[in-house]
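Based on these hints, arrange chain B on the given structure of chain Y.
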Amino acid sequence: MEKVLLKNHGKPDAHRISSYLASGGYKALAAALSMRPDNIIQMVKDSGLRGRGGAGFSTGLKWSFIPKDPTLQKYLCCNADEGEPGTFKDRGIIDHDPHLLLEGMIITSYAIGATRSYIYIRGEFDFGAKRLEEAIKEAHAKGYLGKNIMGSGFDHEMYVHRGYGAYICGEETALLESIEGFRAQPRKKPPFPALAGLYGKPTVINNVETLSCIPGIIENGSEWFKKIGPEKSPGPKIYCVSGHVKKPGLYELPMGTTARELIYGHCGGMLHENKPLKAFIPGGVSAPMLAPQDIDTPLDFDSLAAKGSMLGSGAVIVMDNSTCMVRTAYIINRFFSHESCGKCTPCREGTYWLDRIYERILRGEGTAHDLELLEKVPQQIMGLVLCALGDFACNPVLSTVRQFREEYEQYIGLAEPVAAEA
Amino acid sequence: MLSEESKKELEAALGKYPDKRSAVMDALRIAQKGNGGHLAKEDMDEIASMLEMRPVEVNAAAAFYTMYNIERPVGKYHIQVCRNISCSLLGAEHLIKHMERTLGIGTGQTTPDKLFTLSTVECLGSCGTAPMMQINDDYYENLTETRIDELLKTLK
Chain Y
1 MEKVLLKNHG KPDAHRISSY LASGGYKALA AALSMRPDNI IQMVKDSGLR GRGGAGFSTG
61 LKWSFIPKDP TLQKYLCCNA DEGEPGTFKD RGIIDHDPHL LLEGMIITSY AIGATRSYIY
121 IRGEFDFGAK RLEEAIKEAH AKGYLGKNIM GSGFDHEMYV HRGYGAYICG EETALLESIE
181 GFRAQPRKKP PFPALAGLYG KPTVINNVET LSCIPGIIEN GSEWFKKIGP EKSPGPKIYC
241 VSGHVKKPGL YELPMGTTAR ELIYGHCGGM LHENKPLKAF IPGGVSAPML APQDIDTPLD
301 FDSLAAKGSM LGSGAVIVMD NSTCMVRTAY IINRFFSHES CGKCTPCREG TYWLDRIYER
361 ILRGEGTAHD LELLEKVPQQ IMGLVLCALG DFACNPVLST VRQFREEYEQ YIGLAEPVAA
421 EA
Chain B
1 MLSEESKKEL EAALGKYPDK RSAVMDALRI AQKGNGGHLA KEDMDEIASM LEMRPVEVNA
61 AAAFYTMYNI ERPVGKYHIQ VCRNISCSLL GAEHLIKHME RTLGIGTGQT TPDKLFTLST
121 VECLGSCGTA PMMQINDDYY ENLTETRIDE LLKTLK
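Chains as they are written, first to last, in the numbering used here: chain Y, 1 to 422; chain B, 1 to 156.
Just so you know, the hints here were simulated from the structure itself, not pulled from any lab data.
Among the hints, a few may not be true.
Unchecked claim - Cut-off 20 Å, straight-line C-alpha distance, at most; resulting in silico cross-link-like pairs (SDA-like, lysine to any residue):
| id | chain 1 | residue 1 | chain 2 | residue 2 |
| --- | --- | --- | --- | --- |
| 1 | Y | Lys142 | Y | Arg16 |
| 2 | Y | Lys7 | Y | Ser222 |
| 3 | Y | Lys343 | B | Lys8 |
| 4 | Y | Lys343 | B | Asn59 |
| 5 | B | Lys8 | Y | Val160 |
Stated by the list, open to error - Which bits of chain Y does chain B cover? Going by a derived footprint, with three or more residues having C-beta under 8 Å, they are:
| id | region |
| --- | --- |
| 6 | 4 to 13 |
| 7 | 77 to 87 |
| 8 | 121 to 135 |
| 9 | 162 to 172 |
| 10 | 247 to 254 |
| 11 | 298 to 307 |
| 12 | 310 to 319 |
Glycine included, every Cβ here is placed at the ideal spot set by N, Cα and C.
Isolated chain Y, as found in the complex:
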């Protein structure tokens, strides 16, 4: 497949507008501005593009929920709060090809009638935030931002909003709270952001990778996009591979590439020849783990959902047979416990108590009752909270207890205590 999202990576000065223009950049914007906004929305709907942040919702459909009233202020927010452990694709686009994102954002803003947009970037991405600010300046100087863009009559201003260390800001309503200057705690839905989002105004929130797909769709058409990957989850996908493989990194491939092709083909196989695959997480730590027998599953929204897991952000974390699954589940739960925003009691308390149970088990002080609790506590969290964080926190606990029960039992039955390392 010809690269779409990472096509400019490795070119000299790829982040500069001169380089982006030389490779045909901002042509899609010119084409879009000559179209009717409705037609752009229809085109994106027809392309079958589904949100790359994790939920996989139809992007065109999301845009179509924005009220058409021209007197209403509307906003576009780009979710660049990339924090799902294992994920580093948005940073790849921002650091190396920021104008691809900007072009996608300007087209999207035109389609939904937004005169202002914000890029919410996580605080740790200092380099990326500066890259984006420079790119916005460059785009302004060339007339792709500001008043009357390319003579179209469309005005647009774009700003960078920097987070400062909170995973929950990747949740779209928490992200809005954060831009408004509050603690980033998710809102109750409805109302959905399309009707009452940023400052109570209609707002679209899209992921970096989603928005970066837009210029290609405008330039090549929705049929072109649809032909890449499976019919119901089409398009290019950036897989982020980490863990026990020879060549970790970003791989842009057709959606629906199998885990086998990715791990044993593109990534050169397992890190150590004598340590075979034990488990892999297909979509960031929120996604339930899969076993070696699931290796031929196409990595797309529907195929992974059918296996009881999810594509999430496309972060594939590979673990060989030296990996302790109890410890891995502990690390993941500790993360969710740390990042729980504290608004909903079941998530705040539940993840905390799960953390305590894991520490006990890892110290060699766990009992059969603790193992029961690991299955029971999630029942008090899942479905009882405002956002997905609580549910996601339960996935690794339940999926490891079910798939690697004997490892938990070994910890509980061990005569000599196993010290927790951290």
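For chain B alone, kept in the frame of chain Y given last:
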């Protein structure tokens, strides 16, 4: 007291939003940078009056986001080592122990000469080059004990 330079930066940040309160995160970041990596109470109070917020609201925002250091000052170099899954799979815990030994401090502590603070953090979004850490604003990736030793020697 916020410096003139910080105030100028804050003015620019205010221009990004229809609502003053939205600039609170930028304001806190600017204040922290201007104060050697630590948020001072008097700076937060000044931010509150500039943004027409109550001091307790500014504090509530600052306390929520982990990169604001309100409880304790940090050293000249704030070392933040990722402890999440991809880095752990490739030996992050050994590296953290190695750094504790080398610096002679525990995680969460600052060396007596105020040069280094060692922290562990959750995923920094650099999992393909694990294990990794952040020192002040910069990422250091594909870490080994040797690379860490060499790096620490250059930080004075």
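Hint check results:
1. Proximity of lysine 142/Y to arginine 16/Y is assessed by CA-CA distance (about 12 Å); at most 20 Å being required, the pair is judged to hold.
2. Restraint check for lysine 7/Y and serine 222/Y: satisfied, since their Cα atoms lie roughly 19 Å apart, inside the 20 Å limit.
3. Proposed proximity of lysine 343/Y and lysine 8/B is contradicted: the alpha carbons are some 35 Å apart, above 20 Å.
4. Restraint check for lysine 343/Y and asparagine 59/B: the C-alpha separation of about 17 Å stays at or below 20 Å, so the hint holds.
5. At most 20 Å may separate the alpha-carbon atoms for a hinted pair to count; lysine 8/B and valine 160/Y meet this at roughly 17 Å.
6. Only when three residues or more bring their CB closer than 8 Å to a CB of chain B does the claim for the region 4 to 13 of chain Y stand; here the count is 0, and the claim is violated.
7. Residues of the region 77 to 87 of chain Y with a Cβ under 8 Å from some Cβ of chain B number 6, which satisfies the need for three, so the listed coverage holds.
8. For the region 121 to 135 of chain Y, the stated coverage by chain B is satisfied: 6 residues place a CB nearer than 8 Å to a CB of that chain, which reaches the threshold of 3.
9. Look at the region 162 to 172 of chain Y against chain B: 6 of its residues bring a Cβ nearer than 8 Å to a Cβ of that chain, three or more, so the hint holds.
10. Coverage of the region 247 to 254 of chain Y by chain B holds [criterion: at least 3 residues with CB-CB distance below 8 Å; count 3].
11. Residues of the region 298 to 307 of chain Y with a Cβ under 8 Å from some Cβ of chain B number 0, which does not satisfy the need for three, so the listed coverage is violated.
12. Beta-carbon proximity to chain B at under 8 Å applies to 3 residues in the region 310 to 319 of chain Y; the threshold of 3 is reached and the given coverage holds.
The structure fails to meet hints 3, 6, 11 from the earlier list, while all remaining hints are met.
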